[in-house]
Amino acid sequence: MSDFFSMGGYGLYVWGSYLVAIVCIAGEVILVFNRRRTLMKHLSLIHQSNKQEKINETAS
Amino acid sequence: MAINWFKYSSPASFYFLAGKMIPLFSIAAIVLGAAGLYIGFFVAPTDFQQGEAYRIIFIHVPAAWLSMFLYVIMAIWSGIGLAFNTRLSSMVATAIAPTGAMFTFLALWTGALWGKPMWGTWWVWDARLTSELILLFLYIGFMSLQAAIDDPRRADKAGAMIALVGVVNIPIIYFSVKWWNTLHQGATVSLTQSPKMATTMLTGMLIMSLACWMYAIAVILIRTRAIILERERHTAWVGELQLQGATR
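Protein chains in written order, with the numbering used here: chain G, 7 to 66; chain X, 672 to 919.
FYI, nobody ran anything at the bench for these hints, they're computed from the structure.
Errors might be hidden in some of the hints.
Derived pair list, reagent style DSS-like, types lysine-lysine, alpha-carbon separation capped at 30 angstroms [claimed, not checked]: (1) G:Lys47 to X:Lys849; (2) G:Lys47 to X:Lys691; (3) G:Lys57 to G:Lys47.
A few chain G positions that, by computed beta-carbon distances, are all more than 12 angstroms from chain X [as the list claims (entries may be wrong)]: (4) Gly22; (5) Val38; (6) Ser50; (7) His53; (8) Asn56; (9) Glu63.
Even glycine gets a Cβ: it sits at the ideal position worked out from N, Cα and C.
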C-alpha cells in the first residue's frame with residue numbers, strides 16, 4: 007500500500023495535483039450551495055415582509 | 672406538433688428543467704469520476720519513461736480541455752445574449768465563468784506539478800503555458816468587470832465584450848504547441864490519426880474528461896438557477912416558489 011502512495015517517488019507531485027483538484031472542486035460545490043442557501047433565506051425574508059405588509063394594509 | 676424551441680429560454684421554465692437535470696449530471700459525474708480514477712490509478716500501466724508521474728494526466732488534460740471549451744461556450748452564450756437581448760443566455764454565460772476559471776487554474780497547477788519532475792521547472796514562459804495563463808486573466812477580468820457593474824443587464828453587455836474579444840485566445844492556446852513549438856508537447860489526442868497513447872491510459876483520460884464535463888454542467892446549472900432567482904426575485908413566479916417552500 008505504501009508504494010501506492012509513493013507513486014514511484016513522484017508522490018508529492020501526483021498527490022499534490024489531486025489534492026488541489028479535490029480542494030478546488032469541493033470548494034466550488036460548497037460555495038455554490040452556500041450562495042443558494044443564503045439566497046433562499048433572503049427570498050423568504052422578502053416574501054414574509056411582503057405578506058406582512060398586505061396584512062397591515064387589509065387590517066388598517 | 673410544432674416544438675416550441677423557445678419554451679426553455681424563459682428563466683422560469685428553465686429553472687425547473689435545470690432543477691430536474693442537476694441530479695442526473697451530478698450522479699454521472701461521480702460515477703464516471705470514480706471509474707476514471709480507478710482506471711487511471713489501478714488499470715493503466717506505469718509509463719516506461721515517466722514512471723508514475725504521468726498519472727497527473729488524468730486531471731491535467733481534462734481540466735485544460737474544459738478550460739478552453741468553457742470559455743468558447745461562455746463566449747457563445749454571451750454573444751447570443753448580446754445579439755438577441757435574451758436575459759437567460761447572459762445568465763448562463765455569467766454562471767460559466769467561475770467554473771472555467773477554476774479549471775484553468777487547475778490546468779496550470781497540475782501542469783506545474785507535472786513539469787517540475789519532468790522538465791525540472793514549475794514554470795517556463797512557454798507558448799502554451801503563457802496563453803493558458805492569459806486565459807485565466809480573461810476569466811478573472813470577465814468576472815470582476817461584471818461584478819463592478821451594478822445593473823445586471825449592462826454587466827452582461829460589458830462581459831460579452833471581454834468574452835467575445837478573448838475567444839481569439841482559445842485557438843492560440845490550442846495551436847501554440849505547433850506554431851511556436853516551445854517546451855509543451857504537441858497534441859497527443861486527435862480524432863483523425865490512430866491513438867498514440869496506450870488504450871487504458873487513453874480510456875482513463877477520456878472517462879475523466881466526461882466526468883469533468885458532467886461536473887461542470889451540474890455546477891453551472893446550479894449557479895444559473897441561483898442567478899435566475901437573484902435577478903427575478905421580484906417576479907410573481909419566484910413569489911409562488913416561496914409559498915410552496917422552495918425545495919425544488
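G:Gly22 remote from chain X - nearest C-beta pair above 12 angstroms: 5 angstroms, violated
Holds or violated: G:Lys47 to X:Lys691, with C-alpha atoms at most 30 angstroms apart: 22 angstroms, holds
Would the hint linking G:Lys47 and X:Lys849 be met if the CA-CA limit is 30 angstroms? 52 angstroms, violated
12 angstroms Cβ clearance of G:His53 from chain X: G:His53 not clear of chain X: closest Cβ-Cβ about 4 angstroms, inside 12 angstroms.
Between the alpha carbons of G:Lys57 and G:Lys47, is the straight-line distance 30 angstroms or under? Given pair G:Lys57, G:Lys47 holds - Cα atoms ~15 angstroms apart, limit 30 angstroms.
Hey, is G:Glu63 genuinely clear of chain X, shortest beta carbon separation above 12 angstroms? 16 angstroms, holds
Determine whether the non-interface label on G:Ser50 survives the test: each CB of chain X must be over 12 angstroms from its CB. 6 angstroms, violated
The output says G:Val38 does not contact chain X. Does that hold with a beta carbon cutoff of 12 angstroms? Non-interface label fails for G:Val38: nearest chain X Cβ at 5 angstroms, not farther than 12 angstroms.
Decide, holds or violated, for the assertion that all CB atoms of chain X are farther than 12 angstroms from the CB of G:Asn56. 7 angstroms, violated
Checked against the numbered hints above, the structure breaks hints 1, 4, 5, 6, 7, 8 and satisfies the rest.
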